[in-house]
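With the hints as extra help, turn the sequences into a complete structure.
Chains as they are written, first to last, in our numbering: chain A, 530 to 692; chain B, 530 to 692; chain C, 530 to 692.
Do not take every clue at face value.
Since the list can't tell identical chains apart, any single copy or any two copies may satisfy a pair.
Derived DSS-like pairs (lysine-lysine); straight-line CA-CA distance at most 30 Å [unchecked claim]:
| id | residue 1 | residue 2 |
| --- | --- | --- |
| 1 | 625 | 536 |
| 2 | 631 | 663 |
| 3 | 630 | 685 |
| 4 | 685 | 629 |
| 5 | 630 | 663 |
| 6 | 625 | 581 |
| 7 | 580 | 685 |
For the record, the hints were derived by calculation from the structure and aren't laboratory data.
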Amino acid sequence: MSDNEAKSMSIIVTKGSLDWAYPPFILGTTAAAMGLNVTMFFTFYGLTLLKKELNLGLTTLGNPAMEMPMMGGHMAMPNIISALPGAGALTTTMMKNLMKKKGVASIEELRELAVEAEVDLIACQMTIDLFEYKTEDMIDGITLGGAASYIEVATKSDINLFI
Amino acid sequence: MSDNEAKSMSIIVTKGSLDWAYPPFILGTTAAAMGLNVTMFFTFYGLTLLKKELNLGLTTLGNPAMEMPMMGGHMAMPNIISALPGAGALTTTMMKNLMKKKGVASIEELRELAVEAEVDLIACQMTIDLFEYKTEDMIDGITLGGAASYIEVATKSDINLFI
Amino acid sequence: MSDNEAKSMSIIVTKGSLDWAYPPFILGTTAAAMGLNVTMFFTFYGLTLLKKELNLGLTTLGNPAMEMPMMGGHMAMPNIISALPGAGALTTTMMKNLMKKKGVASIEELRELAVEAEVDLIACQMTIDLFEYKTEDMIDGITLGGAASYIEVATKSDINLFI
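Now the structure itself:
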């Protein structure tokens, strides 16, 4: 799609859960595959997605009853259950198994794809300082930047998303 | 507003709760009424908003204490209460009653307005496969698409939002 | 950065928690300092950020285990604890102390910066009516508007974000 070659997209990635890691990585890698220049700015809770060792849990954000397909039907988990100790780990395992069964790439695989497609991965310096992250715990090939770096990129991008 | 006629907006709709269904439908129908070409891409937990039978609950996302006007003042619901079985149904009913009393259209009505205004409603094929949705359970007049369809539309749109 | 002087950004601010108040105010004030014209449209749960008296709590949105740096390491709080009465107040205090220790400005300070930098602060009229807010409880210098006002601004802006 050569007419996209001069196009560009920026994504601010602010959420660090298993489910909410999918939208930015799927959109970023798809756009890169279509020839767009893609910049992903990891900040706030989303910075955790640049750690070498990913240990992602689920949230119930935007999915009131944690409805998931299961045992031939749909299972809905009441909020009180999802608040119990261990429930997060259980539903996270269920979600990972579902993704695997359906042939959906893992976040680790999508992240590797993004690196190979030369997506610009920027880690937010302020968040690193605030949450005391160590850059040696993060994957190679990322750069550091702040809100001003993001604004510079976004003023020149055709698509800007905050996820 | 004829100067908007050539303008366009895309919205990625990712959340499937009663409260978070409002922003995309209000923005989408308002923009369409102003002459913009509007595309709404329903994916992830937001795909449920295309079901014929809507059964939407509330989330506490972005509203820490579920503060709502009630009995002449503002009622705040502690997190532990909102996690109890039945609390979701109670607050959902309260929210629906509040909307009705204030003359705010229901999600079903706003969705119908969007169809009448020829908003492009796209259901995410990957989400359908992942969560085992059936297209016959969904409203008429929608099309199926993937992340690539979205990127194509967004590179040509004046406003792109991820909700 | 004189080449940014003609650029502009709009932000829809929809979340009213302490943590999620930071991204719009940091992005908005940074962009304004770089010479962009910035409009922030406060709607839905985000309207509370225009109140004179801010009393913001935390959410766990996008941060499954409420992981925070503490006592030389990282503390993770299980969901069940974060649902207990008082836990919200405790973690809110922890977060505020962390911000202060790290030299991060408070939301009140960032909001003042936004006013001084002539950021357009628009309060959503529909949300005011729905949640029965009183405009006299809000800070000076804001204007009222609706979804149509937002669409008008966004069609002319280089960056549009929904937070």
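Hints versus structure:
no.	hint	in the structure
1	625 with 536	neither (33 Å within a copy, 40 Å between copies)
2	631 with 663	between (35 Å within a copy, 16 Å between copies)
3	630 with 685	neither (40 Å within a copy, 35 Å between copies)
4	685 with 629	neither (37 Å within a copy, 34 Å between copies)
5	630 with 663	between (34 Å within a copy, 18 Å between copies)
6	625 with 581	both (18 Å within a copy, 29 Å between copies)
7	580 with 685	within (28 Å within a copy, 34 Å between copies)
Comparing the model with each earlier hint shows violations of hints 1, 3 and 4; every other hint is respected.
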